[in-house]
Amino acid sequence: MPQARSLLKSPALIALAVGLALAGCASKKPLPDNAGGLGLNNAAPGSQQDFTVNVGDRVFFETDSSALTGTARATLDKQAQWLARYTNYPITIEGHADERGTREYNIALGARRAAATRDYLAAKGIPRSRIQTISYGKERPVAVCNDISCWSQNRRAVTVLAAPSG
Amino acid sequence: MRFSNNISEAGVEKMVSGGVHGPAKGPLVLLRAAVTCLMMISALLAATLPGQARVVIDINKGTIEPLPIAITDFGGALGPEIASIVEADLRNSGLFKPIEKAAFIQQLADHNQIPKFEDWRVINAQALVTGAVSTEADGRLKAEFRLWDVFGAEQMIGQQYFTSASNQRRLAHIIADAIYKELTGEDGYFDTRIVFVDESGSKQKRIKRLAIMDQDGANLRYLSKGDDLVLTPRFSPTRQEITYMSFAGGNPKVYLRQIETGQYEVVGNFPGMTFSPRFSPDGQKVVMSLNNDGISNIYAMDLRSRSTTRLTSSNAIDTGPSYSPDGSQIVFESDRGGRQQLYVMAAGGGEPQRISFGTGSYSTPVWSPRGDLIAFTKQQGGKFLIGVMKPDGSGERILTEGYHNEGPTWAPNGRVIMFFRDSPGGNGGPKLYSVDITGYNERQIPTPNFASDPAWSPLLN
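Chains as they are written, first to last, in this note's numbering: chain Y, 948 to 1113; chain E, -4 to 456.
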């Protein structure tokens, strides 16, 4: 999986890949045309778009693993900083798996990834009471090609911000 | 939601006639009118016949030569359609080879007539089926059939059934089951249904609906509208009820649902996500996984007392539980040792014994209704395989392999397995397949859309 690993090492490339994946997959989360973590976007500080584009709303996992990679921890560190600053968003962490597993196991694996992500954010000072988790298993892929470049994008935990409270 | 075409309430009444031997002629003799409550069927009075020279299929042989069988067009307006369903069932089992009607020499005008056996021997029909379907004064359908041993020159069985007009396909399946049982010595599986998940829409945002159909793909109807993500429906062995997982309200849980009324409820009051449900053989319990903080363990809930029992205590993913048919043991999958493997424990919990030791990982175990085998999904070398092994883990056999095969379910007689086969890419999706436990006779089950997570019902009667 050299291709996946090299992708994962570069936050800018990840953001680009995610942006491409989202654009290509008609996701409900639109990104600005100049998205890509290159600091050239117009997202208002503290907005959900700011979080998605400038912080990065997702981390990726190795096959069958819920261990946080160095890249994932770096992303979650940035998430924790941002979430500590903007405290009015309720948080749901969605755990996902790729299609190369069986249904029930993937449901459990997504839950394990969501829990690992939540635990890391909690350790960085985000109150557990603010974070919900849910697993979608392999039911909601963002990338649907038939090779590892897609599967590695689907093995993910996404930090989803609800409408601000208060 | 409400549904018409209520099969279970309509019921099918069965009457059994005695055997007609040699030159004896005349109408079927009704020995017993079996009119019971809703679900019908009386004791089966097997026609007693001389033991020698009977046509049988030895289905325990390694490879099976399909038995040539002649199925005539039944009499009556509906007769040919009923006969064609019987023929399709028997052909699809892989154990029978129906003979083309164009080859028939004798045209039997009256199904009560003794066949001219030599005419059927000439075309090498080992068995012959004749019958008639008529409508009674009260609107019910009456179907009669006789199964003849061509080379033994005698009737093997003759039976008569009554049902409401909406049940005509069930009539055919019941007749096919009777023929299958007479000629193989094992119960049939044609009068059964499949509950599964119908899939439509893009792969990224699949719409999944609970659906139910006859085992041959007929009479499909939807049990849910697709508003909520639903997964892994399983039949109750004793009631018109399924258990399944639903993401309704963004809160994924195991549910129970009445098939006919659409009434549903969450199973239990668990603090986390519940998933991977299955009934106990007596229908009184649901066993499932509960996720807490990323750790999944197995619990059973008694549906009457509502009491719950924790069955495993790992820090791993324990899921896919399935009871042995006597209810004494549970097989499940766990990654407690690294990769997913199969384990067997007592139904009340206790130390599990690992039973899978081959290369690769094993998941979705399902105990055969006969108790002799456990079916599973196996991942090996980037492929997904369906296989069976004995409950002690020995005798592993792979039945099919490919890019992605998953989720076996057993026909009630333990001879046939259904599963789903997914295909890759954005336009790919799963379809249902069945395969004999010998690995032969793999067939796609017709569904209008993509389909996954099949579960086979018990015999309806």
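Honestly, the hints are just simulated from the structure, not real lab data.
Values in this document were obtained by computation on a predicted structure and should not be read as measured data.
Cβ atoms here follow ideal geometry from the backbone N, Cα and C, with glycine treated the same way.
Heads up, a few of these hints could be off.
Reference listing, derived: stretches of chain E covered by chain Y, where coverage requires no fewer than 3 residues with Cβ under 8 Å from a Cβ of chain Y [claimed, not checked]:
(1) 266 to 273
(2) 398 to 409
Some residues of chain E that are not near chain Y, with every Cβ distance over 10 Å (derived) [stated by the list, open to error]:
(3) Thr233
(4) Glu391
(5) Gly421
(6) Gln439
For each hint given before, does the structure comply? Return the numbers of the non-compliant ones in rising order. 5
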